[in-house]
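One line per chain: the protein sequences are A and B, in this order.
First residue of the first sequence? That's 2 in the working numbering, and the numbers climb one at a time after it.
First residue of the second sequence? That's 2 in the working numbering, and the numbers climb one at a time after it.
Simulated from the structure, these hints should not be mistaken for lab results.
In this text the structure is predicted, and so the values were computed from the model without any measurement.
Worth double-checking, as some hints may not be accurate.
[Claimed, not checked] The calculated label-pair distances, taken between Cβ atoms and stated as ranges, are:
1) Glu47/A with Gln301/B: 38 to 44 Å
2) Ser228/A with Asp148/B: 53 to 59 Å
3) Glu187/A with Ala48/B: 32 to 38 Å
Backbone N, C-alpha and C fix where the C-beta goes; we use that ideal spot for every residue, glycine too.
2 protein chains.
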Amino acid sequence: MAKFNYSKRVPADGTDAVGAILKAAADPSIISFAGGLPAPELFPVEAMKKATDAAYDEHGREVMQYGAARGVKEMRELVLQIVKDHENVVANDENVVVTNGSEQVLELAAKALVNEVDTVLVEDPTYLCAVDAFKSYGANLVGVPTDEDGLIPSELEKTLQAHPEAKFLYVIPTFQNPTGRTMPAERRQQVAELAAKYNLLVFEDNPYGDIRFEGEHVDAIKSYDKSGNVVYMGTFSKILSPGFRLGYLVADPEFVQKFTLLKQTADLGTNNLVQWATVKFYEQNNVDEHVKKISDLYGQRKALMEAGMKKYFPAGVTYTHPEGGMFLWVTVPGVDDTTELFKQCLEEKVAFVPGEPFYAGQPEPGHLRLNYSNMAEDQIDEGLKRLGKALANAIK
Amino acid sequence: MAKFNYSKRVPADGTDAVGAILKAAADPSIISFAGGLPAPELFPVEAMKKATDAAYDEHGREVMQYGAARGVKEMRELVLQIVKDHENVVANDENVVVTNGSEQVLELAAKALVNEVDTVLVEDPTYLCAVDAFKSYGANLVGVPTDEDGLIPSELEKTLQAHPEAKFLYVIPTFQNPTGRTMPAERRQQVAELAAKYNLLVFEDNPYGDIRFEGEHVDAIKSYDKSGNVVYMGTFSKILSPGFRLGYLVADPEFVQKFTLLKQTADLGTNNLVQWATVKFYEQNNVDEHVKKISDLYGQRKALMEAGMKKYFPAGVTYTHPEGGMFLWVTVPGVDDTTELFKQCLEEKVAFVPGEPFYAGQPEPGHLRLNYSNMAEDQIDEGLKRLGKALANAIK
Chain A
2 MAKFNYSKRV PADGTDAVGA ILKAAADPSI ISFAGGLPAP ELFPVEAMKK ATDAAYDEHG
62 REVMQYGAAR GVKEMRELVL QIVKDHENVV ANDENVVVTN GSEQVLELAA KALVNEVDTV
122 LVEDPTYLCA VDAFKSYGAN LVGVPTDEDG LIPSELEKTL QAHPEAKFLY VIPTFQNPTG
182 RTMPAERRQQ VAELAAKYNL LVFEDNPYGD IRFEGEHVDA IKSYDKSGNV VYMGTFSKIL
242 SPGFRLGYLV ADPEFVQKFT LLKQTADLGT NNLVQWATVK FYEQNNVDEH VKKISDLYGQ
302 RKALMEAGMK KYFPAGVTYT HPEGGMFLWV TVPGVDDTTE LFKQCLEEKV AFVPGEPFYA
362 GQPEPGHLRL NYSNMAEDQI DEGLKRLGKA LANAIK
Chain B
2 MAKFNYSKRV PADGTDAVGA ILKAAADPSI ISFAGGLPAP ELFPVEAMKK ATDAAYDEHG
62 REVMQYGAAR GVKEMRELVL QIVKDHENVV ANDENVVVTN GSEQVLELAA KALVNEVDTV
122 LVEDPTYLCA VDAFKSYGAN LVGVPTDEDG LIPSELEKTL QAHPEAKFLY VIPTFQNPTG
182 RTMPAERRQQ VAELAAKYNL LVFEDNPYGD IRFEGEHVDA IKSYDKSGNV VYMGTFSKIL
242 SPGFRLGYLV ADPEFVQKFT LLKQTADLGT NNLVQWATVK FYEQNNVDEH VKKISDLYGQ
302 RKALMEAGMK KYFPAGVTYT HPEGGMFLWV TVPGVDDTTE LFKQCLEEKV AFVPGEPFYA
362 GQPEPGHLRL NYSNMAEDQI DEGLKRLGKA LANAIK
């Protein structure tokens, strides 16, 4: 029995299935495609050190004193510039909040909107940590079907008609986690229109959008938003540093004001040091060039993945072909339980994340997520060889 | 009407009384004792820059990559050393979580423990932002009476008998906010014993304990804790930098494990840069000497406050005599509403924080909080002259 009397928000023991998986995959003899980390060899350590020095030199006392709950003004200005240049999102200072990574947006969005047991809509499958955040406030998650072009707007409309009480939709339109899929422009526009028509808040999460190695850029859903119902979420975790825990949202001023009250109560504000260091980094460096290096490397690794999967995977196994981001999604026919498959793969010394936990509704069988952003080139071929062997055994 | 449909956790409009007060006090012609900031002229900007450089040089990729939700291992080791050396708290690595300031401990403690409308016990008066955090999870706050020696253990026992369902007690035993008062050792031991006897969790918040300019150190309540029921909370905000948002807790391993799950969901972990910079700062500097400079300065300012209050305050007005920390507490006989008094003081171009919002129960009339840590020496005398004039008018 637990020693203390916890609230309903604390997950029950043994429910952290993915934590257990990542732990099992940490054995160094295992080639693990289960992680979700950026490639650390591309972290701009020296340039960031220089930028941080400039932050101390030019704004030392401001860096070290309490700051505004909404973030440093220069950081908010940088966010406005980025979303305009990259996503055609035109906004003003009153629309921005700086957060501890976009994970904090998920946490405080749920806190701001979800009473137990309000309905929240998510793509099926969707990002695991979002599910955890929403559930921690008692959300009843309802999955919206997706296909190779991501969220299906007609399915969203059907779901909204069945659940007019839904508090919000959470969606990752570009290089989705876990599938790697991207929604085309037309669908984005339709989602923005449905948000207005049904007065639905839409949280559009875009952690990977800048990491494109193929195809053409597609602007954010937020760029089509005329109602103010779309909340755009960004982060510096995949292009600069996840260790900085620096993210942001761009939203309707009323939502910003309410969200900021919760941000203030949660931690008084995001730490100033990483904000100022990032502002200075953008002043001193060509960040687009830096991001192109990341995209190029991930593109090479994704090409190695495709070559290996083609070579080693049994007939009938299919997979997505992401144009960017960090993950791809494999479908194994005839396998009902990829968590069981995971255990078999550990014996072959290879790991992935099973598909089941990514679903809000009934899981589609036979899926698994593979990461390539943090896979050394010389491990990809051998890892896929082992995985192919395990898959062949499982399909038999 | 609000555009979106918020949860019960979002405060109603117009309830941020203290925000309005701080805003009113921001007029530069006003001498404001209302703030709660450390003196920025003592921030060790150059030394922290050097420490941060060392963090990049020695641990660059680790600084920039995802880290553990419980914090950087070397940071946790530093915390264990500090609580042992300063507070006689002997603990192990399994007892520590690093957080975004101690404010985040308040937020996630409430999330971990409070179901609507669970009872939470606080000192009356207590820290405002703690009240906000607890209320945001639907807590029913019950005040425990205090006197010049802080929380009264016999009153705590009475309150526990009346509220055996109470989820936890929140207490600031040293240089309390808002009163500046300190609990003697005997009372601390009694609180630890009551925690064990009634299986009560106690959150002991110690942001100011190191800033002592008079009297003798008293060890933390946690140092008397044999049951594991006391959660000790610390921060680097008052001794190094509030802008870093760096705090921690030391607690029972079971609580640490549950709290870490919520920390993971809230923001995946505290940013690595401020953790490594702080670790390196302690390696490279004599922090005790740095903290002595802060204590000396605040002691001088508190002495100027006492001289000014003696000179300008009308007869009958009393005040606390803190031996450290940043605040003192004034009692004005015959004044029922210090929020009204605040408005009169704005006309005299002087500001403070009215006492009423600090109370969970029925406010005791006639109190106000004065800050001295961030008051320039040449403003203290003039500010107290203005305040004395306003008090004399109000008492008439």
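Exercise for the section: Identify every previously stated hint that the structure contradicts and give their numbers, smallest first. Expected result: The structure breaks only hint 3.
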